[in-house]
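One line per chain: the protein sequences are P and L, in this order. Heads up: the first sequence at position 115 corresponds to 146 in this note's numbering, and the numbers run straight through without jumps. Heads up: the second sequence at position 127 corresponds to 158 in this note's numbering, and the numbers run straight through without jumps.
No wet-lab data here; the hints were simulated from the structure. Be a bit skeptical, because a hint or two may be false.
Chain copies aren't distinguished; within one or between two, either way the pair holds.
[Said to hold, decoys possible] Here are the simulated PhoX-like cross-link-like pairs (lysine-lysine), alpha carbons at most 25 Å apart as the crow flies: (1) K148 with K57; (2) K158 with K148; (3) K82 with K66; (4) K158 with K139; (5) K142 with K159; (6) K145 with K158; (7) K142 with K130; (8) K82 with K43; (9) K110 with K139; (10) K130 with K110; (11) K148 with K130; (12) K142 with K110; (13) K110 with K148; (14) K158 with K142.
Keep in mind the model is a prediction, meaning the values are calculated, not measured.
Residues per chain are reported as follows:
Number of protein chains: 2
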Amino acid sequence: MQKQETLSKNQKIILDLIEKSDQPLKAYSILFDVKKKGINAPLQVYRALDKLVEIGKIHKIESRNAFIACKNSKCQIAKATVFSICESCEDVTEIHDHKLSEHLRNFKDSKGMKYNKYNLEFFGLCKKCI
Amino acid sequence: MQKQETLSKNQKIILDLIEKSDQPLKAYSILFDVKKKGINAPLQVYRALDKLVEIGKIHKIESRNAFIACKNSKCQIAKATVFSICESCEDVTEIHDHKLSEHLRNFKDSKGMKYNKYNLEFFGLCKKCI
DNA sequence: TTACATGATGTTATATTATAACAATTAACA
DNA sequence: TGTTAATTGTTATAATATAACATCATGTAA
Ligand SMILES: [Zn+2]
Ligand SMILES: [Zn+2]
Ligand SMILES: [Zn+2]
Ligand SMILES: [Zn+2]
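Make a model of the complete structure from these sequences and hints.
Next up, the structure:
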């Protein structure tokens, strides 16, 4: 079987929903919303989420246990992500900063570890909440 | 009442345990271990963990839902953390890299957000697991 | 010293997030 | 066409985390 190019039915339903939201969605809120489309169990949601994360269509915001669509065509693989998170209104934005990415991509620690992925989350207050 | 300087009984018990481990511990594994010391409920553990995180004695590894002691006297406040995580053996190390910290501390996004905290997790394979 | 405020504790119950295990179906492909 | 891998559906359960309430201890101030 060749590598999947098209999304499956459940994957499409769930990606659509996440893409329509500009903010991260939680798994059980997704579940609630897709029940009308015949997706009834948490596992169906988590399986689709896993796949979508794997192929880089969405990212997981680890500190929030929530999922947001990737709007950057460049990060087709979710291996290098940077987010800013407002601790007041919980607004989340994916950051694409070339200089920062370079710096992180080139980072070498003192232990000779080989990195293939990173996730950076900045916390603070957005303009509206300052 | 002035700001607390000494840790409470439960906080001490739980910090001791985490400091004895060089690897992150999960809340319910902590709970299991401290039952012999009279801590019986998850909430007692989570309350101590919250406090210890707040004062910078421990850090939460967000992608693993686990807690590790801070061994750096400088990061008394858990506001700027960098970790390397081996995806094979799950070994976690806190990274203190001056240049990287500077870069992250000085990072300004295009939206004018005011940051007071960040957390960066690198994933890969450690020397033993390559 | 009495009242008050704050922080910590103990306890029961419950909410939230995520996976195990198994059976059935669908889609690519040799 | 038979084989394999991916996906789906379903039930149950594991793992992570918080709500709500009562009590106790300690520092501050009238
Ligand atoms: Zn992205
Ligand atoms: Zn905000
Ligand atoms: Zn630290
Ligand atoms: Zn390793």
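Okay, the hints, checked on the actual structure:
1. K148 with K57: Both: 23 Å inside a chain and 23 Å across chains, each within 25 Å.
2. K158 with K148: between (30 Å within a copy, 16 Å between copies)
3. K82 with K66: Result: close within a single copy only, 19 Å intra versus 39 Å inter.
4. K158 with K139: between (34 Å within a copy, 13 Å between copies)
5. K142 with K159: between (42 Å within a copy, 11 Å between copies)
6. K145 with K158: between (37 Å within a copy, 8 Å between copies)
7. K142 with K130: Both, since 24 Å and 16 Å are each at most 25 Å.
8. K82 with K43: within (11 Å within a copy, 42 Å between copies)
9. K110 with K139: So K110 and K139 pass the 25 Å test inside a copy (16 Å) and across (22 Å) alike.
10. K130 with K110: both (17 Å within a copy, 22 Å between copies)
11. K148 with K130: both (17 Å within a copy, 20 Å between copies)
12. K142 with K110: both (21 Å within a copy, 24 Å between copies)
13. K110 with K148: Result: close both inside a copy and across copies, 4 Å intra and 22 Å inter.
14. K158 with K142: between (39 Å within a copy, 8 Å between copies)
When held up to the earlier numbered hints, the structure conflicts with none and fits them all.
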